[in-house]
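First to last, the sequence lines map onto chains A and B. Take the position in the first sequence, starting the count at 1, then add 244; the result is the number in the numbering used here. Take the position in the second sequence, starting the count at 1, then add 80; the result is the number in the numbering used here.
Treat the hints with care, as some may be off.
Derived EDC-like pairs (lysine to aspartate or glutamate); straight-line CA-CA distance at most 20 Å [said to hold, decoys possible]:
| # | chain 1 | residue 1 | chain 2 | residue 2 |
| --- | --- | --- | --- | --- |
| 1 | B | Lys237 | B | Glu117 |
| 2 | A | Lys246 | B | Glu160 |
| 3 | A | Lys246 | B | Asp195 |
| 4 | B | Lys237 | B | Asp214 |
| 5 | B | Lys237 | B | Glu269 |
| 6 | A | Lys246 | B | Glu159 |
| 7 | B | Lys237 | B | Asp303 |
| 8 | A | Lys246 | B | Asp192 |
Stretch by stretch, here's where chain A covers chain B in the computed footprint (C-beta under 8 Å, at least three residues) [said to hold, decoys possible]:
| # | region |
| --- | --- |
| 9 | 165–174 |
| 10 | 189–195 |
Simulated from the structure, these hints should not be mistaken for laboratory data. Even for Gly, the Cβ is constructed at its ideal location relative to N, Cα and C.
Below, each chain spelled out in residue letters.
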Amino acid sequence: MKARRIAALVLRQVYLLRGSPTRVLPLFAWIAIDVMLWGFITRYLNAIASPGFDFVPAMLGAVLLWDFLSRVMQGVTMAFFEDVWSRNLLGIFASPLSRAEYVTGLVLTGVSTSLLGLGVMIALASLAFGLSFLSYGLAIIPGLMVLFLFGIALGVAGSAMVLRLGPAAEWLIWPLPAVLSPFASVFYPVSTLPVWMQPLALALPPSYVFESLRAITNGGQADYNALLWALALSLLYLAAAAAFFAHVHGVCVRNGLIARYSAESVT
Amino acid sequence: MTETLRPAPALVVDHLSKTFDGRMVVNDLSFFVEPGEIVGLVGLNGAGKTTTINMILGVLAPTSGSVTIAGVNLGAHREEAIARTNFSAVYAPLPGNLTVVQNLRVFGMIYDVPDLACRIDEMVEMFDLARYRDTRCGLLSSGEQTRVSLAKALLNKPGLLLLDEPTASIDPSTADTIRNHIRDYAQRERGAVLWTSHNMYEVAAVCTRMMLLSRGRILIEGDPRSLPGEHGVASLEDLFIELARDPQEGSRP
């Protein structure tokens with residue numbers, strides 16, 4: 245892998261962000277709206293619920309961490325969609341850039357943009373509603389890593405799906421986090437789910453993060469073994485997503501889909 | 081006794097075939113391009129020209145056969161082989177949301193061009209793009225976009241340059257300038273060029289050799305200036321039309 249080639253993809257995204265406020269705004273706008281909406285909801289719930297339980301870290305924290313995962317995923321897919329929208333896939337894949345370099349470029353771009361969003365999220369939630377991620381203790385570190393890795397895996401897998409199915413498949417990718425959220429036990433324990441849904445929840449690394457963070461806000465302790473397992477599971481998903489992308493790219497090269505991508509000719 | 085080492089051909093296409101859904105689009109194609117040669121690849125729409133170029137670029141896997149670029153097998157060492165190429169095609173415009181210089185910088189880094197800033201300045205000057213340096217490519221006319229695309233294609237001084245109808249939809253004066261640049265490039269840098277075109281005047285003016293493709297096979301091959309006479313017609317265009325109407329003609333002695 246050549247660092248210069250990967251840097252070219254990140255530079256491309258910097259140029260696009262620098263020249264387009266409409267690309268910069270969504271990095272912060274939705275996060276700000278979520279902080280406001282859920283901040284006021286939790287403040288209201290704190291006012292009407294029995295004293296002693298703080299909804300801010302339990303609910304606002306959960307919403308923002310799930311939002312963070314969504315931003316990571318979208319950061320990766322957005323970098324890929326830029327090539328789709330500008331009809332640049334042929335230029336990219338007919339260049340010496342390897343698959344691994346391309347995917348690494350997408351991931352680095354996604355990580356950079358989502359870190360910006362994370363910074364704004366923490367600042368806003370802390371200043372406006374007194375939420376501190378420090379209240380989760382050390383568990384926040386593996387927790388964020390799990391969400392980071394799983395978000396990247398979703399982004400890479402989503403990009404592969406659009407590469408295979410064509411530009412119109414974008415709409416399948418945007419709602420992915422929303423589709424997964426009921427199973428990821430963002431707002432409620434896994435045990436709340438019906439028995440048949442619980443294995444699905446346990447197959448999703450974020451559910452371990454939210455279970456641990458919930459335990460902390462309830463006065464308990466994080467389950468570090470579970471977080472470690474979630475970390476391993478996330479790495480497994482990331483490897484699977486990378487393999488899926490490589491497989492789809494191989495299929496596209498065999499079928500000529502890259503050369504005639506805009507025709508959306510799934511064969 | 082001293083022996084002069086001959087450089088490997090810039091491109092060797094060996095028994096290349098491609099089948100789509102049982103339909104053979106490229107049929108057992110074999111040819112080579114030497115350094116410094118400009119070879120024209122002409123044929124009717126659907127003859128297999130772009131499919132062949134896509135296979136040489138590694139974005140389409142052949143059903144059988146192989147492509148070797150400067151002695152490097154494309155199937156086995158894709159990145160190494162593709163690093164020695166570059167291309168320009170009307171259907172592969174540079175991203176319209178980046179400026180001329182931004183596009184050249186991004187692709188220059190991807191192609192690992194040394195001393196990139198200087199090379200970009202050279203290309204900008206060569207293709208008369210100085211006043212558009214900071215203009216987004218999407219705002220340029222089709223002729224200007226073609227020039228930017230060619231500047232990108234020559235950035236890495238490729239040993240093999242693939243041009244798919246580079247002068248389509250541009251005015252005769254710009255097309256002439258572009259042809260001169262490509263000719264200069266082949267002569268000065270000893271770059272090999274594979275050029276597809278429907279403009280027979282252009283093929284006769286630029287190409288040192290041409291191949292006429294029909295149904296994925298080479299129908300005739302030779303010097304575009306002498307081929308019409310060898311087939312008893314007045315011009316390359318007449319030969320093209322005759323062969324297009326009766327492909328069997330090309331295989332007759």
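Here is how each hint holds up against the structure:
Between Lys237 (chain B) and Glu117 (chain B), the direct Cα distance comes to roughly 15 Å. Compliance with the 20 Å bound is thereby established for this hinted pair. This hinted pair checks out: Lys246 (chain A) and Glu160 (chain B) have alpha carbons roughly 12 Å apart, not beyond 20 Å. Between Lys246 (chain A) and Asp195 (chain B) the alpha-carbon distance is near 16 Å, which keeps this suggested pair within the 20 Å criterion. Between Lys237 (chain B) and Asp214 (chain B), the direct Cα distance comes to roughly 23 Å. Violation of the 20 Å bound is thereby established for this hinted pair.
Simply put, Lys237 (chain B) and Glu269 (chain B) have alpha-carbon atoms about 8 Å apart, close enough for the 20 Å limit, and the pair holds. Proposed proximity of Lys246 (chain A) and Glu159 (chain B) is supported: the alpha carbons are some 11 Å apart, at most 20 Å. Taken as a hint, the Lys237 (chain B) and Asp303 (chain B) pair is broken in the structure, with Cα atoms around 26 Å apart against an allowance of 20 Å. Of the supplied pair hints, the one linking Lys246 (chain A) and Asp192 (chain B) holds, its CA atoms being roughly 9 Å apart against a limit of 20 Å.
For a cut-off of 8 Å, the count of residues in the region 165–174 of chain B with a CB near a CB of chain A stands at 6, and the three-residue condition holds. Residues of the region 189–195 of chain B lying with their CB closer than 8 Å to a CB of chain A number 4, which satisfies the three-residue condition for coverage.
Hints 4, 7 from the earlier list are contradicted by this structure; the remaining hints agree with it.
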